[in-house]
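Student: As you go down the protein sequences, you meet chains A and B in turn. Each residue of the first sequence is one higher than the last, beginning at 1 in our numbering. Each residue of the second sequence is one higher than the last, beginning at 1 in our numbering.
No lab work stands behind these hints: they were computed from the structure. Treat the hints with care, since some could be wrong.
[As the list claims (entries may be wrong)] Listing some non-contacts, in silico: residues in chain B with all C-beta distances to chain A over 10 Å:
| id | residue |
| --- | --- |
| 1 | 208 |
| 2 | 262 |
| 3 | 360 |
| 4 | 364 |
[As the list claims (entries may be wrong)] Some chain A residues close to chain B (C-beta under 8 Å, calculated; not the full set):
| id | residue |
| --- | --- |
| 5 | 46 |
| 6 | 49 |
| 7 | 51 |
Backbone N, C-alpha and C define an ideal beta-carbon position, used for all residues, glycine too.
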Amino acid sequence: MTQDDASLTSDTPHSKPEQGPRRRDVLATVTVGMGCAGACALAYPFLDSLNGTRSNRVGESDILDVDLSLLKPGQQSVVTWRGWPVFVQKRTPEMLKKLQDPALLQKLRDPESRIPQQPKDAANWHRSITPDIGVMIGICTHLGCVPTFDAPTQAEPSGKYLCPCHGSQFDSAGRAFKDAPAPYNLPVPPVTMISDKHLRIGESKGDPDFDIANIRQI
Amino acid sequence: MTERPQSVSTWLNTRLPILSAFRREYVEFSMPRNLNYLWNFGAFAVVSLTLLILSGIFLALNYTPTLADAFSSVETIDRQVASGWLIRSVHMGGVSMLFAALYVHIARSLYYGSYKAPRELVWLTGLGLLLLVMITAFAGYVLPWGQMSYWGATVVVNAVNTVPLVGKPLASWLLGGEGLGNVALHRLFVLHFVTAFSIIGVIVLHVATLHVTGSNNPTGKDLTEPDQTVPFHPYYTTKDGLGLCLFLLVYAALIFFAPDFLTLSDNYVQANPLITPSDITPEWYFAPFYAILRAVPSKLGGLILATGSIVILFALPWLDSSTIRSARFRPWLRVALPLLFLAFLALGLAGMSPPSPFWLWISRAAVAYWYVYFLGLLPMIARREQASRRKEHF
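Between the sequences and the hints, there should be enough to build the whole structure, so can you do that?
Tutor: Okay, here's the thing in structure tokens:
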């Protein structure tokens, strides 16, 4: 090893023939190394371009105001926020009563909403800021399909959500049932009531630091 | 029979001998030892083509081939796609570097007689590549849908229309019947891709034919002694490598310091069928042919002479009957051929300049010389050389 090192530093024309190839190997390694570094530098802009279009969200508002005046108890409307379907529902007194039924709570995975799937001001038994208005992002926490709303009827006054893809079930507050595949409750977006008839999605008065990107699963 | 553990490379090579083929063709392959740096330009062309295809794929990810969105999608690539400006610069600079490399590569073949027996197929496949590159470059130039794209395409479409009998139906059929519209733009986008990838296939043919005969050399003489050749690696990998470093240096300078040096500002104005830009200039690599088109006072005549100037090259191996390859040993050619190169450069300059009587006559003289050289001068010089050779043998 020391002999080889010596051959690198001593560049005399009379170096021994067996020391020659060693110097060439170093040169070849350095050249190939530099070539690889160059190739990596060249690869950067190509891979970087896959990050997509910059600044296309600049100036785009993240706030969506929803008018509730046309919504009757037991109905829901679907709005789009950040490209996601958001369920806005008005609950009947029967639905609210059912949400607190101990028999139901036993069948749910997270009845107290302990897992962070909602802003702090919606971590309650009705998973919303006012009990009679429910707002949820309609994306099943199993594999991302949109659950369908089973509106409350005379026979079944509680109302619930059924996912068409793999049979996941949620109650009308978006809480997942234990005997179905979806692991978490439906996400709740940040919501503020601006009047009795209007609510604002994208802003939470009760939890201003809430970021939808930080919930357990969307 | 004893069973010994095989290495992975032996296992692979006995089933698919790519390793030994690579060794035979790119490591041990015997090359003339006297090649000069003009023999680097084929490697330059391959490298610039590789970068063009790579950058082209990434541009295509963000490009939309519709009249409504083509221009703005290119602007988005330049301004908003991460590193998009750099990828587009690599692509635009790459075209110029590829054409520059090809023109030098072809000039070298002309000077050292690399088109002659037994390398006629190398020459013919090479010319096929030139045509494919030209078609690809034209189709690609239309895609940004700027003013120069649109009017360049208009002129070419109308040139095809002038071909008697077949021209009009052919152009209408190729463009999908509605002139330069959505259908045409989409087809040009597909054409740009298809020809770009076919070029790779033809390069394989070009290199395969070259490896059958081996490289020509500056003396043009067949190599007979073993000590006249050296293995490709490390001798020509290092020589090509050094040349490549210099080539990439120029390429990088073009991309980083002068990305707009070779493009026209008019092409950053969206195509407008109602206004033709006041001075139409083609890209420099098409300028010589554009100058021919402009120099001939007849629509069809100009088209025939411009395309003929390339078509005539296909006949070159049979127009030049001399058995001497290199111009080093052809005193008459050493005068006549540089004049041909000068004529090509003059046509290029004429094509880039605004039309004036001076440039008009320069281009006419240059076109005339181009044809006189190939059809008169070269065959005559060849016959004289063969005659004096026969005399020597007596």
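Student: Which constraints among the numbered hints does this structure fail? Numbers only, ascending.
Tutor: No numbers; nothing is violated.
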